[in-house]
Amino acid sequence: MADNPSLPSAKEGSDDPPAASPRSDLSLAGEMASLRRQIAELEGANLELRRAQKELARHAAQLSLIHQIGRQITTLQEPQRILEMAATLIQQKFNHHHVALFLIEEGVLVLKAVAGNYHPWFPSGHTQKLSEGINGWVASHGEKIVANDVSRDPRYISFLGQYSITRAELCLPLKMGGKTLGVLDIQSPHRHAFKESDILAMETLADQIAIALENARLYALSREELEKQKETAQIVRSLHRQLELILNAAGEGIFGLDMEGCVTFANAAAARMLGYHPDELIGRYSHSLWHHSRADGTPYPATQCPIYAAYKEGKIRQGDDEFFWRKNGSAFPVHYVSTPIREGGEIQGAVVLFADITETRVLEERLQHAQKMETIGRLTSGIAHDFNNLLTVILGHSEMLLSLPHLDEAARGEVEILQDAAIRAADLVRKLLTFSRQQVVQPEILNLKDVLQHLQELLRRILREDIRLHIHLSSDLPPVKMDPVQMDQIIMNLAINAIDAMPRGGELTIAAQQQRMDPPPLPDMPPGPYVVLTVSDTGMGMDAYTLSHCFEPFFTTKAREQGTGLGLSTVYGIVRQNEGYIRVESRPGQGTTFTIYLPPAPSPDASRRKRAASQTNRVEQATILLVEDEAHVREVIAHMLKKNYTVLEASSAQEAQQVCRQHPGDIDLLITDVIMAETSGPDMAQQLLQIEPDMEVLYISGHPYELFEEYAIDLKTNFLQKPFSKSTLLEKVGSLLEGKRGSEGVSEN
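For the sequence shown, our numbering begins at 1 and goes up steadily by one.
Hints should not be assumed to be uniformly reliable.
Below, computed lysine-lysine pairings styled on PhoX-like, alpha-carbon distance capped at 20 Å [stated by the list, open to error]:
| hint | residue 1 | residue 2 |
| --- | --- | --- |
| 1 | Lys195 | Lys93 |
| 2 | Lys144 | Lys175 |
| 3 | Lys144 | Lys195 |
| 4 | Lys642 | Lys732 |
Please keep in mind that the hints were generated in silico from the structure rather than gathered at the bench.
Using the sequences plus the hints, can you model the full thing?
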């Protein structure tokens, strides 16, 4: 085929490439191969990159899960809750087949928490020896084990036997500060299940679990320590409160001092006695507060104070003749003991215990006064005895003289003056015995009108011009039965009290009336008729404290030289002794009213002489043995009796026994002095009653009853106080003999 001439040839500058040579084809093939290799490398690199990205994402997910789990378990404060939550979250978040957490307790592994497929076979509390299995090895060595093929690890032990599907196991120690606390055990049914990232993630979680457990332990310790501190603080508070109660319960004042003499504590009694609130004393210099001056007001240097020596020199000191000063500027006597406080042998201060001895001083003065009064009373008693014997003679002879039928009027008047003087002297002796509190109580039927009429003149003499006296007595006033001297004491004591309560004048009112008290105004007071005696004043009155103590012996609001504090207590005692009741009503500035309720007595007979005469007429033939060691007294008494009775006389107990033996069965009544030189009247009477067992006994004496209380003489029936009149003696004798004859008549029937 011929070439086409219209087509240019290559040689002629044609645009077509020249035909490839064999060398060019080889080069191109090489380039293509290189390109394919690069593409393969790029694809491999891309695959590796995607794999790395996937691993990185997995690792990031693990870190996120680790963070979540760590955040949740670190908020818990109880170890068991930490372990349970950690096991559950690890199993759920990482999708592990089996997760278990053990703690080492007393040398063994104790299963605390389990999650996953093996949970039913491993209950909480399951134990495992430290020498058993992978868990035991990790716990005892403190190192991790990664067994990606448990069949190749001799340490692996299957506790489930044929039921176990575990193929790989990761066991990590829970460590804190180099100490193994327990293990984290993770099992998988797949071999080679645990990669490096898994191991690293579980190690991180194991560390977080250990940290959470340690934090919980520290928290528990801190709570325990806090509870102990609270308990200790409570004990301290309780002890402090107990000590405070004990200190405040003490009646004595107690305060503590530091080395500078400043108050560190003070109990309630100390503050009360010193007139401060306890808080006012703390930190204050004690000496300048209450020990700065002596009793006379002169300065008392601290260096001379025994309390100072206690906290400066470490010596126990006490004081009896010193005074403490109150906040209001008044002083009071104290007894105190100051004792140094030591700690570790070093003086830290002092504790001072003190007591207000004002009452003790008063009691000492009262005791001295009482002893003085007792001495005066004994002296008065002795004088009264002698006077009463003399007055018995004088009264007896004056009565004998007045009984003479031919005595002229002038002589009779002189004898009556003598008799009246003797009667007044006897009354004076009774008043002396009243003063010494040794008078014999002799109740009589009294008409209050007569008593007040008798006392009215005396009251008017002691009343000041600025005090008006009012006496109101009801017309139907019944009599009362009381010793007249005691009745005088009641009215005079209450009147004097009322006068003292009206320093600026006022009104004193004494009233008496009969009134039926139903219901009675006082506890234990039976209803019924009473003679109501009231003594009222318009004076300063009494506050509640004074009112509640006014009947106490020695209690007084008067100055020392103005009263003994015995007036109202004496009134109270007399009223109660006579089966009466007393009530007081008073308010400050509104005066005071004392109301006395006395049982009414039957009216006295018109004539005591007639009664005595009627009794003596019935027993005229009686024989009386009179024993009296004072001859003149015996002579007078015998003369009083001889007109009506046969009288046998004796001057001693020995003579009396002789007379009794000489007149067996004849003696109806023995009259004897109580106190005689050789023996007492009651002792002699006991001897004579063995000879004459049916005779009555009448004791007479010029001594006060207190001197022979031991003999238990019946004052109402078997005693007569010297001096006495003939009529009084005959009445008493007639009463005793009448009673004797009456009892004999009953026995005869």
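Just pull the numbers of the violated hints for me, sorted ascending. none
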